[in-house]
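Undergrad: Line by line, the protein sequences are chains A and B. In this text, residue positions in the first sequence follow the working numbering: the first is 560, and each later residue adds one. In this text, residue positions in the second sequence follow the working numbering: the first is 10, and each later residue adds one.
Source of the hints: derived by calculation from the structure; they are not laboratory data. Among the clues, some could well be false.
Just so you have them, the derived chain A footprint on chain B, three or more residues with Cβ under 8 Å [unchecked claim]:
#, stretch
1, 98 to 104
2, 115 to 128
Estimated spans, in silico, between C-beta atoms of each pair [claimed, not checked]:
#, chain 1, residue 1, chain 2, residue 2, range
3, A, A577, B, Q56, 51 to 59 Å
4, B, H201, A, Q629, 40 to 48 Å
5, B, R110, A, K611, 34 to 42 Å
6, B, I78, A, E584, 48 to 56 Å
7, A, R619, B, Q56, 49 to 57 Å
8, B, D208, A, V586, 30 to 38 Å
No more than 27 Å apart at the CA atoms, straight line, and that leaves these computed lysine-lysine pairs for DSS-like [to be verified]:
#, chain 1, residue 1, chain 2, residue 2
9, B, K112, A, K634
10, A, K563, A, K588
11, A, K568, B, K220
12, B, K215, A, K588
13, B, K135, A, K588
14, B, K112, A, K611
Computed from a predicted model, the values in this text were never measured in an experiment. For glycine and all other residues, C-beta sits at the position ideal for the given N, C-alpha and C.
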Amino acid sequence: MELKDFIQKFAEQFEETAIELFKAETVFKNLPEWSSLTALSIIAMVDEEMEKRVTGADIRNSATIEDLYQLVLSK
Amino acid sequence: MYNPFSLEGKTILVTGASSGIGKATAIECSKMGARVIITGRNEIRLQETYNNLEKADHLMIVSDLSDDIGIKNIISQLPVLDGVVHCAGITNNLPFQFASREKLDEIMIVNFYAPVEITRQAIKTKKINKNSSIVFISSISGVFTSSVALSIYSASKGALNGLIKGLALDMAIKGIRVNSVNPGVVETNIFHSGVITDDQLEVEKKRYPLKRFGQPEEIAFAAIYLLSDASKWVTGTNLLIDGGFTLQ
Numbered sequence: 560m561e562l563k564d565f566i567q568k569f570a571e572q573f574e575e576t577a578i579e580l581f582k583a584e585t586v587f588k589n590l591p592e593w594s595s596l597t598a599l600s601i602i603a604m605v606d607e608e609m610e611k612r613v614t615g616a617d618i619r620n621s622a623t624i625e626d627l628y629q630l631v632l633s634k
Numbered sequence: 010m011y012n013p014f015s016l017e018g019k020t021i022l023v024t025g026a027s028s029g030i031g032k033a034t035a036i037e038c039s040k041m042g043a044r045v046i047i048t049g050r051n052e053i054r055l056q057e058t059y060n061n062l063e064k065a066d067h068l069m070i071v072s073d074l075s076d077d078i079g080i081k082n083i084i085s086q087l088p089v090l091d092g093v094v095h096c097a098g099i100t101n102n103l104p105f106q107f108a109s110r111e112k113l114d115e116i117m118i119v120n121f122y123a124p125v126e127i128t129r130q131a132i133k134t135k136k137i138n139k140n141s142s143i144v145f146i147s148s149i150s151g152v153f154t155s156s157v158a159l160s161i162y163s164a165s166k167g168a169l170n171g172l173i174k175g176l177a178l179d180m181a182i183k184g185i186r187v188n189s190v191n192p193g194v195v196e197t198n199i200f201h202s203g204v205i206t207d208d209q210l211e212v213e214k215k216r217y218p219l220k221r222f223g224q225p226e227e228i229a230f231a232a233i234y235l236l237s238d239a240s241k242w243v244t245g246t247n248l249l250i251d252g253g254f255t256l257q
């Protein structure tokens with residue numbers, strides 16, 4: 560999956576955050592809508608779309624969307 | 010010594026005995042005098058449980074309950090039982106929109122279909138004595154409450170709850186009692202996949218009035234009560250053990 564597709568799938572897990580706020584360098588945990596449920600959705604999305612297992616710690620250790628993308632690719 | 014909770018002379022099957030609640034239940038049942046038949050998928054961990062059983066003459070069956078062959082393998086080796094504790098279970102913290110049929114099947118096979126089928130085949134092949142006790146380790150989730158991203162796990166435990174009621178009625182004529190233990194979060198490795206972080210578990214722990222999660226032995230003691238003659242008039246019930254969680 561390309562980075563831009565990953566960003567789109569990432570954005571789809573949110574309900575209210577404007578789509579243009581999602582960029583490679585977005586520090587996602589600073590988004591007001593970010594919650595533990597969003598984190599679970601991201602983990603489930605990565606499993607479903609990329610068949611890779613990420614953990615809650617992986618999410619915590621990633622600052623930007625691209626950080627997480629690169630981490631998933633490295634798995 | 011007077012002990013209405015004794016399991017002396019009883020043969021008890023414990024599934025999921027390689028870890029967590031199943032492991033504790035097997036060990037505690039053996040300490041109460043039972044002969045224990047333990048099953049689990051992981052031979053090394055199951056052997057560790059076996060080595061911790063008190064006294065001798067127990068039996069261990071390495072088997073995967075998620076397919077018919079594994080279930081047949083267990084049934085074929087079973088002696089006649091006086092009790093069963095269904096402990097094998099999995100969870101998946103999955104927001105509902107990701108709960109595909111595949112993910113639902115994964116959970117239902119282990120948490121629901123396997124214990125149903127083992128029970129059915131054991132009864133049909135007369136491997137369960139009259140006046141026996143069947144215990145399902147259920148949950149607070151799906152019966153008393155649920156949590157975010159636990160819909161399909163809750164569904165599997167809710168399904169068990171319905172089964173228990175009907176099964177208790179069907180088995181009453183044989184004097185076989187059917188009950189569940191419904192724990193809140195217990196300290197086991199069920200969260201080992203890391204989807205839920207340790208920090209999140211710490212926050213969850215504080216939501217319990219008794220300010221901690223349960224210990225596996227504390228659930229095993231409830232199973233012992235339901236297996237023993239102390240609960241001879243108890244059938245079709247859900248024994249809630251949750252450190253006060255569902256009071257709130």
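Undergrad: Next step is simple, just say for each hint if it's right about the structure.
TA: For each hint, the structure was consulted:
no. : hint                            : verdict
1   : 98 to 104                       : holds (count 3)
2   : 115 to 128                      : violated (count 0)
3   : A577(A) <-> Q56(B): 51 to 59 Å  : holds, 56 Å
4   : H201(B) <-> Q629(A): 40 to 48 Å : violated, 25 Å
5   : R110(B) <-> K611(A): 34 to 42 Å : violated, 21 Å
6   : I78(B) <-> E584(A): 48 to 56 Å  : holds, 52 Å
7   : R619(A) <-> Q56(B): 49 to 57 Å  : violated, 36 Å
8   : D208(B) <-> V586(A): 30 to 38 Å : violated, 19 Å
9   : K112(B) <-> K634(A)             : holds, 21 Å
10  : K563(A) <-> K588(A)             : holds, 19 Å
11  : K568(A) <-> K220(B)             : violated, 38 Å
12  : K215(B) <-> K588(A)             : holds, 23 Å
13  : K135(B) <-> K588(A)             : violated, 57 Å
14  : K112(B) <-> K611(A)             : holds, 15 Å
In this structure, the hints that do not hold are numbers 2, 4, 5, 7, 8, 11 and 13, in rising order.
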